Amino acid sequence: MLFQLLQVPGMGTLFIFILLGILVLFVVSIGVSYWVYSDAKKRGNDTATIWAIMNFLGMFMLGFTFLPLCVVVPIVYLVAGRE
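When the letters of the sequence shown are read in order and numbered with the numbering used here, they come out as residues 971 to 1053.
I should point out that these hints are in silico values taken from the structure, not numbers from a laboratory.
Note that the structure is predicted; figures quoted are calculated from it, not measured.
Just so you know, not all the hints are guaranteed correct.
Claimed, not checked - Between beta-carbon pairs, the in silico distance windows are:
no. : residue 1 : residue 2 : range
1   : 984       : 1032      : 20 to 28 angstroms
2   : 1005      : 983       : 31 to 39 angstroms
3   : 1047      : 1013      : 42 to 50 angstroms
4   : 997       : 1017      : 21 to 29 angstroms
The C-beta atom is built at its ideal place from N, Cα and C for all residues, glycine as well.
Please put together the full structure from these sequences, using the hints given.
Quick look at the structure:
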């Protein structure tokens, strides 16, 4: 099914952009989680690891909520703009 979708013109490029978006989201989530962890450790918080894990999960899940919007809204704009 995926290979059939990739045969549609422009779908391969969209697939690459989605993968790049997920990669950027992953890297940013790890970076911010590391910052939260190091800040919590510096403040002497015993639950710094839990803060970092929950921050990572929250950012990653929130990113997956808004990533489709970042893909769908420009497509709808381009389609509606042609009419």
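*Range hint 42 to 50 angstroms: satisfied by the CB atoms of residue 1047 and residue 1013?*
At roughly 44 angstroms between Cβ atoms, residue 1013 and residue 1047 fall inside 42 to 50 angstroms, so the hint holds.
*Could you tell me whether the CB distance from residue 984 to residue 1032 stays inside 20 to 28 angstroms?*
With Cβ atoms ~22 angstroms apart, the hint holds.
_Given a hint of 21 to 29 angstroms, does the C-beta separation of residue 997 and residue 1017 actually sit inside it?_
holds (24 angstroms)
*Satisfaction of the hinted span 31 to 39 angstroms by the C-beta atoms belonging to residue 1005 and residue 983*: holds (33 angstroms)
When each numbered hint is compared with the structure, no violation occurs for any of them.
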